[in-house]
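Asks: The primary structure of each chain is shown beneath.
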Amino acid sequence: MKYLFAPCLMFAAGVAAAQDMPLHEIIKAGATWKTSTDAMPTQKSADYSVSPARTLSYKGKPLKIPLERPTACVLALGGSHLLVADAGERYVWAFQIQRDGSLGPGDRYCRLRVVGDERRKYATPPESFRADPSAMTSDAVNRTYVATNLGIQIFDPTGRLCGVIASPPGRVTELAFDGTQLFAHADGKVYVRKMLAEGRK
Amino acid sequence: MSRHFVGIATLFAILPAVHAADDYKLGPDSERQAGVPEGIVTQHKWKSNVFPGTERDYWVYVPAQYDGKTPACVMVFQDGGGYQSATGAFRVPIVLDNLIHRKEVPVIVGIFINPGNVSAAPGQGQGRSNRSFEYDTVSAQYVSFLEKEILPEVGKDLKLRQDAAGRGICGISSGGICAFVAAWERPDLFSKVLSHVGSFTNIQGGDVLPGMIRKTERKPIRVWLQDGSNDLDNLHGSWPLANQQMAAALKFMRYDFRFEFGDGGHNGKQGGATMPEALRWLWRDTPAAK
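Protein chains in written order, with the working numbering: chain A, 1 to 201; chain B, 1 to 290.
The set of hints was computed from the structure by calculation and includes no laboratory data.
The beta-carbon is built from N, C-alpha and C at its ideal position, and this holds for glycine as well.
Misleading hints may appear alongside valid ones.
Stated by the list, open to error - Here are a few chain A residues that sit away from chain B, every Cβ distance over 10 Å (derived from the structure):
hint, residue
1, Pro22
2, Tyr58
3, Gly60
4, Gly88
5, Arg143
6, Gly163
7, Gly170
8, Leu196
What the hints assert, rightly or not - Restricting the straight-line Cα-Cα distance to at most 27 Å, the calculated cross-link-like pairs of lysine-lysine (DSSO-like) are:
hint, chain 1, residue 1, chain 2, residue 2
9, B, Lys215, A, Lys28
10, B, Lys219, B, Lys251
11, B, Lys251, A, Lys194
12, B, Lys251, A, Lys28
13, A, Lys189, B, Lys219
14, B, Lys215, A, Lys121
15, B, Lys215, A, Lys34
Take the sequences, apply the hints, and build the full model.
Replies: Here it is as structure tokens:
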């Protein structure tokens, strides 16, 4: 029995370490946003989309979800889940994807950092508790990137915040990876930033 | 008998001198020196709209080397009355006179601001000190008070630098966390932070800062933290542990920072003794005004 102890410990340590994703493993030190003349790379989102009217659809057919105002969505965890950002409150929800493409039950998954401090809720306008999530993408190791009013918030595959990085100037309406370059579309311009993380192939 | 005596005497001779805790003394750069031109300190009053109903005193130090043409660097001190006093723990105008004269720091205008008070209507009880609300809250309100009210007001009569590289901010206790949060919220306004026994505890939720530092892209700010092992430990938290948490977070995120951890209590003795060194360190390699 005791011979299993060490491998078990190493396995547990490996799992714990895989979830430890600090910012300095994600962003390239010294890299900043630069304007780009390239077009935004297209995101592979397997037919899920959120319309400007805030309707989530699968292959053009609306899907009913318990979110006030969905704004953006992205496939997660190898395509097993759909993450949907909500403008109505401060969470990105995760929904299980069924075989036929419809969505199973979901729950609040990524807790976005917001300007407002809940301890001062009574003295702060409600908008301070909304992050304005306006775009999302993911990378090759299933981290989620959410453009918000505080910057681009990056979450690990278990939904925990890794960190917040500066956005390019303006409001980001599209995010996408091309290799180790993260592209952002903001106020009519395309920006690019070199990262250590890379997109899915 | 004499052999034992020599042995014991030798033992006492080689024992290190006993060091009393919090035994910090001001150095020569905190005293007036011959041949060093003196700047001028003027006192003013301010009524704020960002903190409605508050009134406060503030002081402005203009160094003798300010020429009226070159924009001067700015350093803002919270609890300003204490920092500008010529007989207090810090004596900042005297220190700046000495350091600017020797060109160890750039030409710096000091703005020393006391916290706001809201007076009671006549016969209606006590006035309200706004210090904790202004200094301990983790928000951009205090720095916007500096941006919208104090800096433009002082800038009416003086040519001041408008860039973050030319601005620093300092405070003690709640003023220390206030200074850090100001630069954290607006690194485009302040790039240098000096905190003395900073209150990075849960007075008003300030204990979130180490975690936020670790999970936020590094900001272009330079931080000098000073605390002592005999600092406060009370319902809000442990100051020594909180400052060590801040230092560990800054180290993890590879900030340009210095952590001076002595054995003092909740006072300005170590901060005052190290003020010249802190100012030299914070303002080293400051680029000239553009």
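Asks: All hints are to be evaluated individually against the structure, with a verdict given for each.
Replies: Tested hints:
no., hint, result
1, Pro22, "violated (8 Å)"
2, Tyr58, "holds (33 Å)"
3, Gly60, "holds (38 Å)"
4, Gly88, "holds (23 Å)"
5, Arg143, "holds (13 Å)"
6, Gly163, "violated (4 Å)"
7, Gly170, "holds (16 Å)"
8, Leu196, "holds (13 Å)"
9, B:Lys215 x A:Lys28, "holds (15 Å)"
10, B:Lys219 x B:Lys251, "holds (13 Å)"
11, B:Lys251 x A:Lys194, "holds (24 Å)"
12, B:Lys251 x A:Lys28, "holds (18 Å)"
13, A:Lys189 x B:Lys219, "holds (24 Å)"
14, B:Lys215 x A:Lys121, "holds (23 Å)"
15, B:Lys215 x A:Lys34, "holds (23 Å)"
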